[in-house]
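Participant: Since the structure of chain S is provided, determine the placement of chain R on it from the hints.
So you can see what is in the structure, the chains are spelled out below.
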Amino acid sequence: MTSITGDTGAETMTGAGHAQLEVRGVTKAFPGCLANDDISFRIEPGEIHALLGENGAGKSTLVKIIYGVLQADEGDVLWEGKPVTIQSPHDAREMGVGLVFQHFSLFETMTVLENIALAMNDVRDMNVLRKQVVEVEKTYGLPLDPDRHVYTLSVGERQRIEIVRCLLQNPKLLILDEPTSVLTPQEVEKLFETLRRLSAEGCAILYISHKLHEVKALCQTATVLRGGKVVGGCDPREETAKSMAEMMIGQKLTAPDRGGDRTFGDVRLDVSGLSLASEEQFGTDLKDVNLTVRGGEILGVAGVAGNGQNELFQALAGETEQFGAPDTIKIDGTSVAHFGPRRRRRLGAAFVPEERNGHGAVPDMSLSENGFLTAFRRMALAANGLIREVPTRSFADNIIKTFDVRTTGSGAEAGSLSGGNLQKFIVGREILQDPGVLVISQPTWGVDAGAASAIHQALLDLAAKGTAVLVISQDLDEIFAICDSVVVMAEGKLSKPRPMADVTIEEIGLLMGGLHDLDGTATPANDTLTTGGRVDQA
Amino acid sequence: MIRLEPRRQHSQAMVYLSPVLAIIMTLVVGGIIFAFMGKNPFDALYTFFILPINNSYGISELLVKATPLVIIAIGLAMGFRANVWNIGAEGQLTMGAIFGGGLALYFYDSTSVFLLPAMMVLGAIGGAFWGAIPALLRTRFNANEILTSLMLTYVATLFLSFLVHGPWRNPEGFNFPESRPFPDAGLLPMIFDGTRVHLGTAIAVFVVLAGWLLLSKSVIGFQLRVVGKAPQAARHVGFRQKRMVWFTLLLSGGLSGLAGLFEVAGPIGQLQSSISPGYGFTAIIVAFLGRLHPVGILFGGLIMALTYLGGELAQMTLQLPNAVTGLFQGILLFFLLACDVLTKYRVRFGSIAAKGRTA
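Protein chains in written order, with our numbering: chain S, 1 to 538; chain R, 1 to 359.
These are computed hints drawn from the structure, not numbers from a lab. Hints are supplied without guarantee of correctness; some may be wrong.
[To be verified] If you want the footprint, here are the derived chain S segments under chain R, 3+ residues with CB under 8 Å:
| id | stretch |
| --- | --- |
| 1 | 201-214 |
| 2 | 317-328 |
| 3 | 341-352 |
None of the values given here were measured: they were computed from a predicted structure. All residues carry an ideal CB built from backbone N, CA and C; glycine is no exception.
Chain R on its own, in the form it takes in the complex:
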């Protein structure tokens, strides 16, 4: 019989090992699924996880995909640490794209060097605004932010859809539901020529460093952790939970908005009815995969980005449905949460009864 036995102290080793274990188990289960679908599991896994990044272009695409994931996940992790569950990063991302992208459309013939910085600021404000609504509802009316932030996601995506079908549709675009292309001054400069790796990727690295400083070294990060781990202790020393709800929702909203702006001002270059393959939701997995730690999130972001690339390639070369991407992400989150048990418990083999009689 297999038993779980509580550990006296959390295992630090397991904190870092459990994501690795989860990834391995995801690969095993993924291989089994591929086998059932009649594909050679080793070929399929190779296509999914190795082929996408065995050339420099593939790696650059990995960075492009990881950029929004990492930026969003850093913000979300701050909130998760404080028990503030912002599930609506996708909506905040969309709102950021609308706010920042709207500015680019308004000045569609601008050549000003200030246009792009202004778009970034407005993108962050748009996301923070969308995060402020659940914050207000939570602090004023005690409405659960999990529900409100999630529901606001659909409001935001439908609002974007309305804009590109209606008022912001490109007058010269043959009635396609797309905005005008952004002016050059409103597009992110590329870091490497011939790739789509843009300025946002560099900013993502900066966000990781800033997030680490905030979480591990700052007083406000300390407050976040205390509020999350021991709300009563936080109250005892006067760390106000409501303030943390506002701070984390504005921060994660703002970062999501920035990530959204980077998408439309980077790889996409205009507003479309769909601007994200669910980065805002995937970032939740990234945050947990990275142990809510900024450096871990950097790695988590790269791994999840790989599932997007692998999924695309699997569609093209193996004729597998796009759902395979979501399937892999789901399996990974499942195993990740399951493996977390091991940080607090150890696995023991042998039955209780047998132990009791060994006198």
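So here's chain S without its partners, still in its complex pose:
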């Protein structure tokens, strides 16, 4: 089996000659799937090692085994050369493994310090802890006021809490699972500085990401998983993002075809002066949002999560109605802000929410029922109040065929599909209804590269047929790949639209930080570029 060693990097610090972590022949089976199949790799002290792979390739399972959440069926985990049995996350932390989760586990109404104290293995004197926290923050350039309440913090700052938590335990191996998915490009750069400093001190880092240009910028070695097996290793610095993506999916990638000259028709989606108080306690209010999308145009809404994108999507989809101000949203000239979702759909609008399970689809219902869910009116799948079984099933079969959804059939439960396949099904369900306006949130969130490129192509094809497409996305690569123009959402406000051709990723990054007036007096504070325009008081 391929064994990837850290010999490409010169960062082997200790003279002991043992890898910080070595995994030998780890196999883990779940009912019906072999999640990890004879996986071997090693990480040297101080090495930044990327774990690459599509969704379902077995990355999470492997991380869970290393962190003691799961036990391997076969194989050994060696820590500093010695075989170990890691029974629980507690054991893993004791040994010196730190894990920064993709989704934070923080209590919003408690302070930073209280949140850190909660996660420590042993509770100690709060004042001692405060000193340690401040020291770690200083050493690693992680500015954070220990007494701030978490709900006042940006996502980037929240992530810092998780990192500080880990660092307080002096880890020898730090695992980060998709850490940059919620950060602005500037915040990502700051995170990388911290990680490089840790690496220079001898801490090994296992970095899991699907953002390949970041892997290329940060990591010295990479192990590529596909279908639970190690399919190769590489030095990301010598690869291109494309070559690594092809290694991950095992086939050639084609860039989405944007077609020739794009011509736009009339305005089909018109939002003007939309203001909306969020229903969530810590949500973001929409403030005077204006945007227009013409037929054939794909408009991207960029921005860090939690800046009002959910509220915008809900307002557009009709989940929150605006009874007082019907004119703030118009679909093909008809005022709809006071309509619920069904009347908006009848006018030819379609919506794809960010969350697939439980929002875009009902996980424990069949695909054919999930097709019925949004399409029964436009596709005439019901008559006399009863479900028409045959057309309902053939509509689902049609989606499965047209969008190459890998499943056992239209009777399969939606929850049994992988993220990418379910997303293809949901996007396909809306596209096959031939919408005039499509609003789609995070179209390829957590979706494998193959499915992502299929979805991108489908959106481009849809726009080419004259549909107005609004894409809400945190993934700037995605926005650059498919959009014609872009607006940036920060603090519930939208920036002015900019054509994709004359905007740079740095400019968008600054707008994401809440600096609407690029030519104005505001300049980013040098080390506290926070989302939502909030600047640390500390």
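Facilitator: Okay, now just chain R, sitting in the frame of chain S:
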């Protein structure tokens, strides 16, 4: 060591097997309890579960008891599917009996063929009215319907008690707390002579079929299921939760009211201070025993009806207390909920540590 391991997909087999498993475990535990009470467990179980239905009269009594259980449970299951927890079917049953029975008392010398249909309609309205109160409180003030519907049960039963002790007491009834007997035109016709199997039993079968059509084949049943399984998805496509709260509470209230009317216009024939041995509560168990599926509820209703008959017989022949009925029902619900774990998890034997070292 025994472990529970999550299944990748819900086991369809276990969905149907778990009620069977629960019944078997209930019998085993019941047998043990009988043994501790000094009875031969096999004799006792025979008395409880076989003796009541080894003759045609017993079977007819089973149908009489199952009728209200099935009708109520069908309505409740609709609500449970949509996460609307109507616990107050007993109260709605009582209100249905009061409304429909009140009409019979008002026209106590009527011979009209329209009296009985009018009583049924009014019974359903009475139950639906009693279900509408928790619906209003839930949709307007976000008051938990579990509590409000349950509390309204006591209001309804005390109201009935007030009526039969006071204004509606039979003037020729020697001061017993009972109403006049209903006129013949206000009594349900019997399906089989010499038994108490009445028209309501036939209607119960119809309710099962209608419930199945509604739940499995109709758009509104689809909406119920989506609201229950994924409220956010329901909101996304514009299925309104409040509408489902109203629909299910009115439907289950109405069906409970109808069941109550069938009791007073059928086996009882008048209003009394107590008209139901807790059918409204037992129907909750029936609904779950039947997997919230109308056909399952039909079987569940028959099984729970058997516990009532068995309990009565056990009192008479084994001198066991009436509480044995409730005990059996409780044990069954307990095992039913416990066995449900098996649809999402499988049982594994062997310890984690041992597995980890088999390298």
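Participant: Next step is simple, just say for each hint if it's right about the structure.
Facilitator: Results for each hint:
Counting residues of the stretch 201-214 of chain S whose CB lies closer than 8 Å to any CB of chain R gives 0, which falls below the minimum of 3, so the coverage claim is violated. Counting residues of the stretch 317-328 of chain S whose CB falls under 8 Å from any CB of chain R gives 3; the rule of at least 3 is met. Counting residues of the stretch 341-352 of chain S whose CB lies closer than 8 Å to any CB of chain R gives 5, so the stated coverage by that chain holds, three being the minimum.
Comparing the model with each numbered hint stated earlier shows that hint 1 is the single one that does not hold.
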